[in-house]
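Colleague: Line order of the protein sequences matches chains A and B.
First residue of the first sequence: -1, per the numbering used here; consecutive thereafter.
First residue of the second sequence: 4, per the numbering used here; consecutive thereafter.
Keep in mind the hints are simulated off the structure, nothing from the lab.
Be a bit skeptical, because a hint or two may be false.
[Stated by the list, open to error] In the DSBU-like style, the derived pairs of lysine-lysine whose C-alpha atoms are separated by at most 30 Å in a straight line are: (1) K155/A to K529/B; (2) K89/B to K529/B; (3) K83/B to K113/B; (4) K155/A to K89/B; (5) K335/B to K501/B; (6) K501/B to K155/A.
Given the structure is predicted, the values throughout are model-derived calculations rather than measurements.
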Amino acid sequence: MGRYVVRRLLQMIPVFIGATLLIFLMVNVMGDPIAGLCGERRCDPATAARLEHEFGLDEPVWQQYLTYMGNVFTGDFGTAFNGQEVTELMSTAFPVTIRLTLIAILFEVVIGVTLGVVTGLRRGRPVDTGVLLFTLVVISVPTFVTGLLLQLLLGVKWGWIRPSVSSEAPFDELILPGLVLASVSLAYVTRLTRTSIAENRRSDYVRTAVAKGLPRHRVVVRHLLRNSLIPVVTFIGADIGFLMGGAIVTERIFNIHGVGYQLYQGILRQNTQTVVGFVTVLVLVFLVANLVVDLLYAVLDPRIRYA
Amino acid sequence: MRGATHVRWAACAVAVALAATACGGDGDGGSDAGAVLSASWGDPQNPLEPSNTNEVQGGKVLDMIFRGLKRYDPETGEAKDMLAEKIETSDSQNFTVTVRDGWTFSNGEKVTARSFVDAWNYGASLRNNQRNAYFFGYIEGYDQVHPDKGEQTADTMSGLKVTGDLTFTVKLTQKFSTFPDTLGYNAFVPLPRAFFDDHDAWVKKPVGNGPYLVDSYTRGSQMSLRRWDAYPGPDKAQNGGVDLKVYTDVNTAYTDLMAGNLDLADDIPAAQLKNVRTDLGDRYLNTPAGITQTLAFPFYDDAWNKPGSEKVRKGLSMAIDRGQITDTIFQKTRTPATDWTSPVLGEDGGYQEGLCGDACEYKPDEAKKLIEEGGGLPGGKVTITFNADTGSHREWVNAVCNSINNALDDERACTAAPVGTFADFRSEITERKMPGPFRSGWQMDYPLIQNFLQPLYYTGASSNDGDWSNQEFDDLVDRANRETDTAKAVGLFQQAEKVVRDDMAAIPLWYQNGSAGWSARLSGVKLNPFSVPVYEQIKVS
Chain A
-1 MGRYVVRRLL QMIPVFIGAT LLIFLMVNVM GDPIAGLCGE RRCDPATAAR
49 LEHEFGLDEP VWQQYLTYMG NVFTGDFGTA FNGQEVTELM STAFPVTIRL
99 TLIAILFEVV IGVTLGVVTG LRRGRPVDTG VLLFTLVVIS VPTFVTGLLL
149 QLLLGVKWGW IRPSVSSEAP FDELILPGLV LASVSLAYVT RLTRTSIAEN
199 RRSDYVRTAV AKGLPRHRVV VRHLLRNSLI PVVTFIGADI GFLMGGAIVT
249 ERIFNIHGVG YQLYQGILRQ NTQTVVGFVT VLVLVFLVAN LVVDLLYAVL
299 DPRIRYA
Chain B
4 MRGATHVRWA ACAVAVALAA TACGGDGDGG SDAGAVLSAS WGDPQNPLEP
54 SNTNEVQGGK VLDMIFRGLK RYDPETGEAK DMLAEKIETS DSQNFTVTVR
104 DGWTFSNGEK VTARSFVDAW NYGASLRNNQ RNAYFFGYIE GYDQVHPDKG
154 EQTADTMSGL KVTGDLTFTV KLTQKFSTFP DTLGYNAFVP LPRAFFDDHD
204 AWVKKPVGNG PYLVDSYTRG SQMSLRRWDA YPGPDKAQNG GVDLKVYTDV
254 NTAYTDLMAG NLDLADDIPA AQLKNVRTDL GDRYLNTPAG ITQTLAFPFY
304 DDAWNKPGSE KVRKGLSMAI DRGQITDTIF QKTRTPATDW TSPVLGEDGG
354 YQEGLCGDAC EYKPDEAKKL IEEGGGLPGG KVTITFNADT GSHREWVNAV
404 CNSINNALDD ERACTAAPVG TFADFRSEIT ERKMPGPFRS GWQMDYPLIQ
454 NFLQPLYYTG ASSNDGDWSN QEFDDLVDRA NRETDTAKAV GLFQQAEKVV
504 RDDMAAIPLW YQNGSAGWSA RLSGVKLNPF SVPVYEQIKV S
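Please work from the sequences and hints to get the whole structure.
Modeller: So this is what it looks like as structure tokens:
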């Protein structure tokens, strides 16, 4: 187990370097970011030169990358064009997005898995058909439509919630955005759990458990569900990364100042430091989430062992 | 009740304009002078220093927490003395400025001549990387503190001299009669010592001399401004304060306004323009702003700069059905342009309706003829480049292209070429890589006809992106700048504008309006010519 973890951690290093290099190059290809700083006029050449120097843009790309990576390891993610440190941006953006992601994951797990178990156990019944239809609708409607619609209905027409999230972004204000963000994944989780449960219901160990005379809820929760969760956990693990980085649409609709907002603004303003910094952290989140998922396999399925 | 408040309000506005007396706070029935309103905001692009702020969002804050020597009247745009007791000159080149006594910064520090001189020297100095440094370019000694190449050889500009506690002199490198009128621009405001002594702390929580003070500032999400009760100026805030909230998307701001979660949204999204009248009724404002949209040409490309090209350019201009585009795409929030300035200047300021004449009217048949006479479009087609990340540029560029194609009976005459981001668009322009006409927007810095012509069309000027150059135009601008009589100067600028017209240096498209919508709690909402709400005059009930 320990050796496995170490091996996985070591594998992360090349993935991490490759991913950051790619992002760095992509942002660089977009062109000269300084030109956008002066509005509809040419920056005066002396100031432009000084700004380029300040942001290290006058060096060749490979050197910029090395300097940047060197700084990253000392915890310095550089400065955004508005003079704010990227670490400062991160410290305000990540807590918000983490809260949002937590709520979304909670919805996926609680609602998604419950619905999945219920429908998996009652295949072909009206409940099953109803939920299947519902998930189909959720999957086929784009997030921004769901988001704007719910915002308009709950926020403006009925006045149950504030249509936008305040800058502190406490948990209760993030419930609706979290649900919107989770909606599509939630539908997938339901379907995955349903299929998995339905399949495993007929397996030998379930029949044995029933034959042993175990109570029904114990059969379902301890034997059936635990073994059926592997594909679901894989999906949710990968989803953490997606939810954190891919919340751009949801964050825009509900005016949440999280990671998605910072990335969007960073890309518009071609702010290499912001974009690369945030993506670097997201890459790390992805890698760690994947590792945790792999380790969870062993917990869920006693047949899996890591050496 | 509403009608009554409006009349009252108009009376107030007139009183403010005429006698600069404060209005309100005198038992106005429903209005609550202590109430705070919330308003939409965008994250400023650059650090919030006066000489570093060149866009509207940062400008909003500076307009609330600073007052300069001059201030542009929110209604007429006229430059009026604010902190300036008087600005005297005998030769339009040497100015003596007397600062009015009794002004302080909100931290108690007195505003003196030095507050201005230090601030201007800071703004001009190369090592401070200020985006607006070129505003000080007319002052003598600018080239030493801000050389085009190499290190600066001086710390301060030799043209600025403090001559007394409240007086200083400004020496310019050339005659520039309207120089005092440019001093209402944000870059010219005074700065307290705290700005220089503890710069980091200042940027985190700016201190100025305007009617509001910064109560708290969470960068990227919100700024709370409160009325400064001891504000010595005539335009005291009529409300308790303003909470500026950052919105990533103007649509969300509009939704929040509908839900009663926001009091003032000062940019109504294009998609909502159809509903805004039914949604808000008379709580919606749509007034001209000093913003124009043009199509500029790459004069560095010989294909667009040969004898006869002006006919092609004029033909293109006549092939664009401006009226239809402003009606359908912009729902009349833009007005077809008939000159190269803006209606906010007023007749006296140099705006001349119809100066462009036939060349700005939709005449498809003549357009086709003119383009053929001029040798046809270079290579048989024209590409319009624009940035697709903001505004509704894509929609109108497509519409312009359609209009041109219809006029020329050629489906392939015009194509739209989007560039992903504004920064990339600007860098392609700066590198002079435009293959054809390109989008060019201009938001005025100060309401003077000079600002609509010189930066855009003077040889080598900072926003002359197409490298258009015309000796006659340059001479007329030089003469106009030297002219001490304002009316004569404006006349010369208009002559220069006619040179632009005759060569069709850029195709004027439309004047842009500023728009704002507000909640039922507010009254007296106005937009100034820079399309920034006049926050201090808003009343909250």
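Colleague: Each hint should be assessed against the structure and marked as holding or not.
Modeller: How the hints compare with the structure:
| no. | hint | in the structure |
| --- | --- | --- |
| 1 | K155/A to K529/B | 28 Å, holds |
| 2 | K89/B to K529/B | 28 Å, holds |
| 3 | K83/B to K113/B | 22 Å, holds |
| 4 | K155/A to K89/B | 55 Å, violated |
| 5 | K335/B to K501/B | 27 Å, holds |
| 6 | K501/B to K155/A | 54 Å, violated |
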